[in-house]
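*Asks:* What follows is each chain in one-letter form.
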Amino acid sequence: MSNDKVITAEQLTKRFGDFTAVDHISFEVKKGEIFGFLGANGAGKTTAMRMLCGLSLPTSGKATVAGFDVYKENEKIKRNIGYMSQKFSLYDDLTVKENMRFYGGIYGMSDKQIKDKTVFILRHLHLETEGDKLVKSLPLGWKQKLAFSVAIFHEPEIVFLDEPTGGVDPVTRREFWNMIYQAAADGITIFVTTHYMDEAEYCNRVSIMVDGRIDALDTPAQLKKTFEAKSMDEVFLKLARKAVRNAD
Amino acid sequence: MKQFLSFIKKEFLHIWRDKRTMFILLGMPVVQIIIFGFALTNEVKNSKIAILDNAKDAASTSLMTELNASRYFEIEKNLYSYNEIEAEFKKGKIKLAVVIPQQFASDLQHFNKAQVQLIADASDPNTANQLTNYATAVIMDYQKRITNDRKLPYTINVEIRNLYNPQLKGAYNFVPGVMAMVLLLVCTMMTAITIVKEKEMGTMEIMLVSPMKPQMVVIAKAVPYLVLSAVNISSILLLSRFVLDVPINGSLVLLLFESILFILVSLSLGLLISSAAASQQTAMFISLVGMFLPTIMLSGFMFPIENMPLPLRIVSNMVPAKWYFTIVKSVMIKGIGFHAIWKETLVLTGMMLFFLTVAIKKFKIRLA
Chain S
1 MSNDKVITAE
11 QLTKRFGDFT
21 AVDHISFEVK
31 KGEIFGFLGA
41 NGAGKTTAMR
51 MLCGLSLPTS
61 GKATVAGFDV
71 YKENEKIKRN
81 IGYMSQKFSL
91 YDDLTVKENM
101 RFYGGIYGMS
111 DKQIKDKTVF
121 ILRHLHLETE
131 GDKLVKSLPL
141 GWKQKLAFSV
151 AIFHEPEIVF
161 LDEPTGGVDP
171 VTRREFWNMI
181 YQAAADGITI
191 FVTTHYMDEA
201 EYCNRVSIMV
211 DGRIDALDTP
221 AQLKKTFEAK
231 SMDEVFLKLA
241 RKAVRNAD
Chain F
1001 MKQFLSFIKK
1011 EFLHIWRDKR
1021 TMFILLGMPV
1031 VQIIIFGFAL
1041 TNEVKNSKIA
1051 ILDNAKDAAS
1061 TSLMTELNAS
1071 RYFEIEKNLY
1081 SYNEIEAEFK
1091 KGKIKLAVVI
1101 PQQFASDLQH
1111 FNKAQVQLIA
1121 DASDPNTANQ
1131 LTNYATAVIM
1141 DYQKRITNDR
1151 KLPYTINVEI
1161 RNLYNPQLKG
1171 AYNFVPGVMA
1181 MVLLLVCTMM
1191 TAITIVKEKE
1201 MGTMEIMLVS
1211 PMKPQMVVIA
1221 KAVPYLVLSA
1231 VNISSILLLS
1241 RFVLDVPING
1251 SLVLLLFESI
1261 LFILVSLSLG
1271 LLISSAAASQ
1281 QTAMFISLVG
1291 MFLPTIMLSG
1301 FMFPIENMPL
1311 PLRIVSNMVP
1321 AKWYFTIVKS
1331 VMIKGIGFHA
1341 IWKETLVLTG
1351 MMLFFLTVAI
1361 KKFKIRLA
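Sequence lines, in order, name chains S and F. Take the first sequence: its position 40, counted from the start at 1, is 40 in our numbering, and no numbers get skipped. Every position in the second sequence, counted from 1, becomes a number in our numbering once 1000 is added.
If we strip away everything but chain S, and leave its shape as in the complex, we get (with noise of 0.2 angstroms):
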C-alpha cells in the first residue's frame, strides 16, 4: 500500500439483517486531505463512519485506516484516529482544562504533554482566561472550537467528523472551517459529513452516498462539471432524488 493513502475501502458492506446499510462501497483518501462525506439521512453515511473508526464490523470487503487493518487493528486504529460527533460538546460539568486532561488521559499522553498542549490550544484559540471555567458556561461557538481542539488533542493522523457544526451560526461555521483547514495543513487528514452544501465547496474532494452506494465522488469542481450544476446543492438534489430508501 502506497504510504500517502490514510483511509482505503474496498467494496465496503454492512448488512443489518435483509437491510444493506452499505452497500460495496469503495473509496480512498489521501493524506492532509479533506474528503467530504455527504448524503441524505440514512444514505448510509454513519454506518459507513462507524465502520471505519471500528465501532462496527464490516459485513464483508475491505478498508484500512492509517495502514490498520478495519478487522483485526482496530486497537491501532483507535490510537491513530479523532471523532467528533455533533452531539458531543464535551463534559459540561467539568472545566476546559479537565475536559483536555481526561482526553489526553485515555489517549495515554504524559503529564507534560497534557499540561504543554493545553497551553497552546487555549492561546490559539485566545481563551487563555477560560481554561478554569466549567464548560456548560461557555458560548456554543466556542464549546464546538474546543471540541474539535480536544479531537485533534493527541495528535491523530485522522480524524473523523461527524456533521460538527450542527447549530452553529454561519460566522463560528466560517471560523470552524478555517480551523480544520489549519489541521489539514498541519498534515492531519479531515474526514467529514455534513449536510451543508457550501461546507461540501470547501472539501477537497466529496463523496455522495444514496442509497448506501457511492453515487459521486470527485472535486467539487469536477462534479458540478459532470452534474451541469451551478452549486454544490444542485449536485445533491440531482442525486438525493433519486434515492429509493426514506430518510429515517
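If you are wondering where the hints come from, they were derived from the structure by calculation, not from laboratory data. Being a predicted model, the structure only gives us computed values, none of them experimental.
Derived EDC-like pairs: lysine to aspartate or glutamate, alpha-carbon spacing no greater than 16 angstroms straight-line:
| id | chain 1 | residue 1 | chain 2 | residue 2 |
| --- | --- | --- | --- | --- |
| 1 | F | 1199 | F | 1011 |
| 2 | S | 87 | F | 1198 |
| 3 | F | 1199 | S | 92 |
| 4 | F | 1019 | S | 92 |
| 5 | S | 31 | S | 186 |
| 6 | F | 1002 | S | 111 |
Please arrange chain F on chain S, whose structure you already have, making use of the hints.
*Replies:* Positioned in the frame of chain S, the structure of chain F alone reads:
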C-alpha cells in the same frame, strides 16, 4: 493504567461537581438510620393508655402503678364510666384501655380469681396485638408477685428468652435493611444513570472510539460508586454501633467481605440496567420499580417472608437484597460465621456472575 486513572478522576469530578447529589448519596444513610432509629419504630414504648378503675382498692391501684411504671405504658387518662372509653379512642390519643371491675381486690382474695378487660384499637391490628400482649405480660407479672407467698396446686411459668436481641430492639432488624437499601440505591441506580447519561450525551461514542477498552470504561464508571458505598457502609456501621447500640457480634471482616460482594451484585445489576435503558429516566424507573420496591417488600426487611404466600416466597428468592439481609443479620446480630451463610454467599456470587455476563454481552452487542 494511566488511562484508567484519568477516567476515574473524571468520574469523581462529576460527582464532586454535582454537590446536591453527592450530599444526598452520603447523607441518605445517616438520615435513614436516624429516622428509623428514633422516629419510625414499631417498638412499644410509652404507649398512652386509659384506665377505667371501678374498684379503686389497694389491688387495682397497685396494678395501675405497675402498668404506669413499665416502660411500655403511660397512663394518659383516668376514666369514670364505660361510655367514655369509645370517645377517648375516637380522639385518637390512646391505643389501649384497661377496665378493672368493682371489687377487684376482694374477688382476688375470696374467689382467687378476678377479671381485667383490655380494650385495644384494632384499626392497626399489629399494634393492638403487641399492646395487649405487653399489657397481659405486665398483669401476669403482677399476679406472680402477689401469689408468690401462696401455694398454688399447679403452675406453669412460661419464661421467654429472646435470643440475639433480648430487648426486642427494632434497630437489629432495620440496620441490615437500611444497608441493603442504601447499597442498592447508590450502586445500582447511580451506576445505571451515569452510564446511560454518557450514552445520552453522545460521549460514550467518544469513549468507544478512543483506545480505552469498553470493559475498562464500564469498570472505571463503577469504581467511584464502590468507594461511595464503602463510605456509606462505614457510616451506617459506626452510627448503628455507637448511636443505636447495635452490636457487631460476628466477624467484621466477614461482614465487610459480604458487603463488597453485595455491592458487586448491585453494580453489575446497574450495568445490566444501563445496557437495557435508553434514557436516564428509564434507568431510574427500572432501578426504582424493578429493584427498590422488591428490596423493601420482599427482602424480609419490612414483612416476614415466611408469612407470604408461596408465589411471593418464590419471587423473593430472586431479590438479591433478601440474601444479603439474611447474611448481615446472621453475621452482625447472631454472630455466626461463614459456615452458616455459605449458601447465601453462593447465591449472591451466582447472581453477580449472571448479571455481569449478561451485561457485558449486551454491551458488546451494541458495539458490533
